[in-house]
Amino acid sequence: MGAENDIKPLTKKSFESDQDIRWCPGCGDYSILAFVQRVLPEMGIPKEKYVFVSGIGCSSRFPYYMNTYGLHTIHGRAPTVATGIKAANPDLQVWVVTGDGDALSIGGNHFIHALRRNVDIKILLFNNKIYGLTKGQYSPTSEFGKKTKSTPYGSVDYPLDPISLALGSEASFVARTADNTPKHLTEVLRRAAHHKGSAFVEIFQNCIIFNDGAFDPITGKEVRDDNTLLLEHGKPLLFGKDKKKGIRIKGFDPEVVTVGENGVTEADLVVHNENNPNPAYAFLLSRFNLPQFPVPMGVFRQSERYTYDGLLNDQVDTALSMGKGDIKKLIHGPSTWTVE
Amino acid sequence: MSDVSPLPISKEIEEKDVVVIRFCGDSGDGMQITGSRFTQATASVGNDLATLPDFPAEIRAPAGSLAGVSGYQIQFSSREIRTPGDAPDVLVAMNPAAFKTNLADLKKGGILIVNSDAFNEENLKLAGYAQNPLDTEIVKDYDLYKFPITTFTTHALETSPLIKKDKERCKNFFALGLMYWLYQRPFEPTLEWIDKQFSKKVDVANANKMALKAGYYFGETTEAFKKSFRVAKAQLNPGTYRNITGNEATAIGFITAAQLASKNLTYATYPITPASDILHELSKHKNFGIKTIQAEDEIAAIGVAIGASFAGDIGLTGTSGPGVALKSEALSLALMMELPLVLIDVQRGGPSTGLPTKTEQADLLQALYGRHGEAPVAVVAPATAGDCFHMAIEAVRIATEFMTPVIYLSDGYLANSAEPWVIPDYDKIPKIKIEHPSNPEGFKAYQRNEKLARPWAIPGVKGLEHRLGGLEKQDVTGNISYDPKNHEHMSHVRANKIKGIAKYLPPLEVFGKNEGDVLVIGWGGTHGSITSAVDELQKEGMSISSVHLRYLNPIQNDLYGLIENFETIIVPEINLGQLVKVLRAETLRDIKAINKIQGKPFKVEELKEAIKKFAAENAAKNKKLA
Ligand SMILES: Cc1ncc(C[n+]2csc(CCOP(=O)(O)OP(=O)(O)O)c2C)c(N)n1
Ligand code: SF4
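If you read the sequences in order, they're chains A and B.
Under the numbering used here, the residue at position 169 of the first sequence is numbered 169, and the numbers go up by one with no gaps.
Under the numbering used here, the residue at position 436 of the second sequence is numbered 776, and the numbers go up by one with no gaps.
No wet-lab data here; the hints were simulated from the structure.
Worth double-checking, as some hints may not be accurate.
In silico contact screen, one side only, chain A against chain B (beta carbon under 7 Å); selected entries [what the hints assert, rightly or not]:
#1 Gly154
#2 Val156
#3 Thr336
Under the rule of at most 35 Å between Cα atoms (straight-line distance), these lysine-lysine pairs were calculated in the DSBU-like manner [unchecked claim]:
#4 A:Lys328 / B:Lys843
#5 B:Lys791 / A:Lys49
#6 A:Lys47 / B:Lys771
#7 A:Lys13 / B:Lys784
#8 A:Lys8 / B:Lys802
#9 B:Lys540 / A:Lys328
#10 B:Lys540 / A:Lys329
#11 B:Lys773 / A:Lys49
#12 A:Lys328 / B:Lys784
#13 A:Lys324 / B:Lys773
#14 B:Lys447 / A:Lys324
#15 A:Lys324 / B:Lys624
#16 A:Lys196 / B:Lys603
#17 B:Lys784 / A:Lys135
#18 A:Lys329 / B:Lys624
#19 B:Lys802 / A:Lys329
#20 B:Lys541 / A:Lys328
#21 B:Lys541 / A:Lys324
#22 B:Lys953 / B:Lys447
#23 B:Lys536 / A:Lys149
#24 B:Lys784 / A:Lys49
#25 A:Lys328 / B:Lys536
Think of the CB as a built atom: it goes at the ideal place given N, C-alpha and C, for glycine as much as any other residue.
Build out the structure end to end from the sequences listed, making use of the hints.
Here you go:
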């Protein structure tokens, strides 16, 4: 702790706390922490305005490692506490760090409601498709049939997709990135940081101990080009090593096509529009999955609407500007009588 | 006709000292409005009063059914009273179902006024009567008045443009008018209220006003009543009074607390009977810096309150028993983070959904112990509707001074019952002093002051960046610590902090002498019944005193000395014996319990009887020993 020198600009170091980091060596959480610490100094926001709030899980240790204000709360409830912080002081920059179990299982209710209210918080969901802290049970994002300690015969739960859920919850910013694509991770974090309103970022995170390599088929170096689809606003949906494959949508049915084959040109491809007023487009993208489709990475959707904390405080400010309440009058109530 | 209630000239007026009236009818009959208007009118003539609204859990139970009966009882008097009364002197029953469920409570010889129009075949069947009970023996012990109130009302409203059904709906105001005449209450305050309430429906307002006056004049002209009654102004303590319910006083109390602390207040909650009215009330007062948040559930609500409190607002959350159960994990978090927070629990009949609209005191042990781990929090409980105001301020004072969650235990009876309340002088209420540290030099998140409170550092202040969480912390620094000795130490510190609050509490107020045969110890909404019972027993010559605990964790230290001065200690509660368990454990005394768990307050008579029984047993034992 200790005061930061006024003149010194913030650096990555300014955001590093003095606590020993206790994630397993090789855990994807390290890289996410490092890139968050790298992006924040760029924002031009004083360090004391940041609050990191987490639930419970490996990922939720995150606030202890940030030299900002922070709360390590209880399992699944971080969005509620973050909402309270913003309600009290909308001027603060509040980030929520959560896991797939934390956000989507025990905290599912709070997750959807924070997004629908458009509370001005950034939610980073570290998706490792497993319960790390409790040592390896399957999670709501684990694939059907997954064998884990709690499901030795394979899980019979169908998973849900965090991006689809966030879109269905009316999130105003929805993006996906991965712990092993530093440039992409940095860019998405930056975009989230600048978004006013609920920003939801799913981060593919490798749990080296209990689910190692879960995302290798998607973001592994060798397959990445063919198996991911980088979403870039205003650009056609192209992927593959030589950017020859693309996405064409007819009605509700997307298909993978190759530019230059069967008369397909770039003009036939969908041009990515984050601001598409129809959320169905982003939702359609969120259903893309291997092996039929590449997995989209980047910003699925961004829209503008008033934030919950802003509106809440506006109502109070408006009421106050029309005349501060008179407490004595309030205590007296509508009618009184006097006994001599 | 003028709009001023005329004095009846023609009939005799009998002076009464104290009267208990109960209005009952179908939920759709407007009995709560009738009761609360009668209360307002009664307050305005300066009687002391206490009320007991009693409504069903069903919002719209089938009309005329037993499940749909709604009631409102009021006791008013020319002397000091503290309860809504044991048994009504007057019962106004608007239909057979209400008649059936309430008749047994009416005093023998009491006045029974019924709307005979409602005693038709259909309603009788719904109430389970094969025969009209008004024609049977069961009414013979009462002073029965059968009035076709619905017919009278529609006749009185002949000139109103309303349709017949809407005219009939005004019948409760006819009944109210009749009672205004019978007990000499002015109807002007009600006329004004009607105008305000129905300002957008002028025809309805006019019809209700006509019905009210028609009822009044009917009372004056009918041959049925030979006399009316008057209850003189009570000799209340001097002061300016208003009428207040517990939930109103709670809401206003917390707003006042925030003002005294020069703080904004964030109230986060999830609707639940009987706590919702606190949300409704607080939501109106944004111009006091009050933010209200209707969260997605109770867990979210307390999470929001914790966040708000961390960021520097007064964090407040409110619910009833089932919601407290949901909040308990987060409450432990708040106590681990040592943040100020108040949790309002307006107790209702449990467990589970239990008796959602009825009162109970069965959450005490949940409040004291209902958390995982060694998790002490402060607990306070208002004693009367008006006391809700004072204890709300106390709750915020304790929470912020000691950096701890505080549970505020109200109950369904306090929440809805109304009483005349001496309006306190705001300027005389001590301010709540709050300091947020601003100097980073030597700042440690868990460094404590003499009250064992840690500093309330809030985000936005340069150099005080720190992390709080549920994991055990090292003393002073607040860093995570799994050291076994440190955990034991911190568990003691947290316990001692709460225990230490007792040093700063006001002395107990004893009703009666500081020594004697019997001491009755109560807490919460039973104050009125207990004090009345003890008052009467004292007047009958018994050596008896009572104390009412408004602080339940910690309890004022002087209680333990006081207990030593009495032979028989009795704890009456609306539960199966919760405070009594705590006190037995603390004192190792054979403390007696009086328990009732019917969703209703104690009657003064039943308390007196039970107390006398214990006192007699003790006397007999002493005789044997001697
Ligand atoms: C109320 C409650 N229930 C259960 C737990 C145990 N628990 C801690 S973390 C966790 C799951 C964490 O999984 P995830 O959110 O995916 O985070 P990860 O550890 O993988 O980062 C569970 C079940 C708890 N701490 N609290
Ligand atoms: S268990 Fe997995 S998620 Fe947790 S710290 Fe280790 S590698 Fe990371």
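Query - 35 Å Cα cutoff - pair lysine 328 of chain A, lysine 536 of chain B - result: Judged against 35 Å, a Cα distance of about 23 Å means the pair holds.
Query raised in the report: Are the Cα positions of lysine 953 of chain B and lysine 447 of chain B separated by 35 Å at most?
Result: Roughly 24 Å separates the two Cα atoms, so the pair holds.
Report task. Would you check the hint for lysine 8 of chain A and lysine 802 of chain B, treating anything up to 35 Å between C-alpha atoms as holding? Result -> holds, 14 Å
Query - Straight-line alpha-carbon gap lysine 540 of chain B to lysine 329 of chain A, limit 35 Å - result: holds, 26 Å
Query raised in the report: Are glycine 154 of chain A and chain B close enough, Cβ to Cβ, to be under 7 Å, as the hint says?
Result: Because about 32 Å separates glycine 154 of chain A from the closest Cβ in chain B, which is outside the 7 Å limit, the hint is violated.
Query raised in the report: Are the Cα positions of lysine 540 of chain B and lysine 328 of chain A separated by 35 Å at most?
Result: holds, 29 Å
Requested in this report: For the pair supplied as a hint, lysine 329 of chain A and lysine 624 of chain B, confirm whether the alpha-carbon distance does not exceed 35 Å.
Outcome: Within the cut-off at roughly 14 Å; holds.
Query raised in the report: When you check the alpha-carbon spacing of lysine 13 of chain A and lysine 784 of chain B, does it fall within 35 Å?
Result: Holds: lysine 13 of chain A and lysine 784 of chain B sit about 21 Å apart, inside 35 Å.
Requested in this report: Decide if the proposed pair is consistent with the structure: lysine 447 of chain B and lysine 324 of chain A, CA atoms, cutoff 35 Å inclusive.
Outcome: violated, 51 Å
Query raised in the report: Straight-line Cα separation of lysine 791 of chain B and lysine 49 of chain A no greater than 35 Å?
Result: Holds. Lysine 791 of chain B to lysine 49 of chain A sits at ~30 Å (cutoff 35 Å).
Query raised in the report: Between lysine 324 of chain A and lysine 773 of chain B, is the straight-line Cα distance small enough, at 35 Å or below?
Result: holds, 21 Å
Query raised in the report: Is the Cα-Cα distance between lysine 47 of chain A and lysine 771 of chain B 35 Å or less?
Result: At roughly 33 Å apart (the allowed maximum being 35 Å), lysine 771 of chain B and lysine 47 of chain A satisfy the hint.
Checked against the numbered hints given earlier, the structure breaks hints 1, 2, 12, 14, 19 and 23 and satisfies all the rest.
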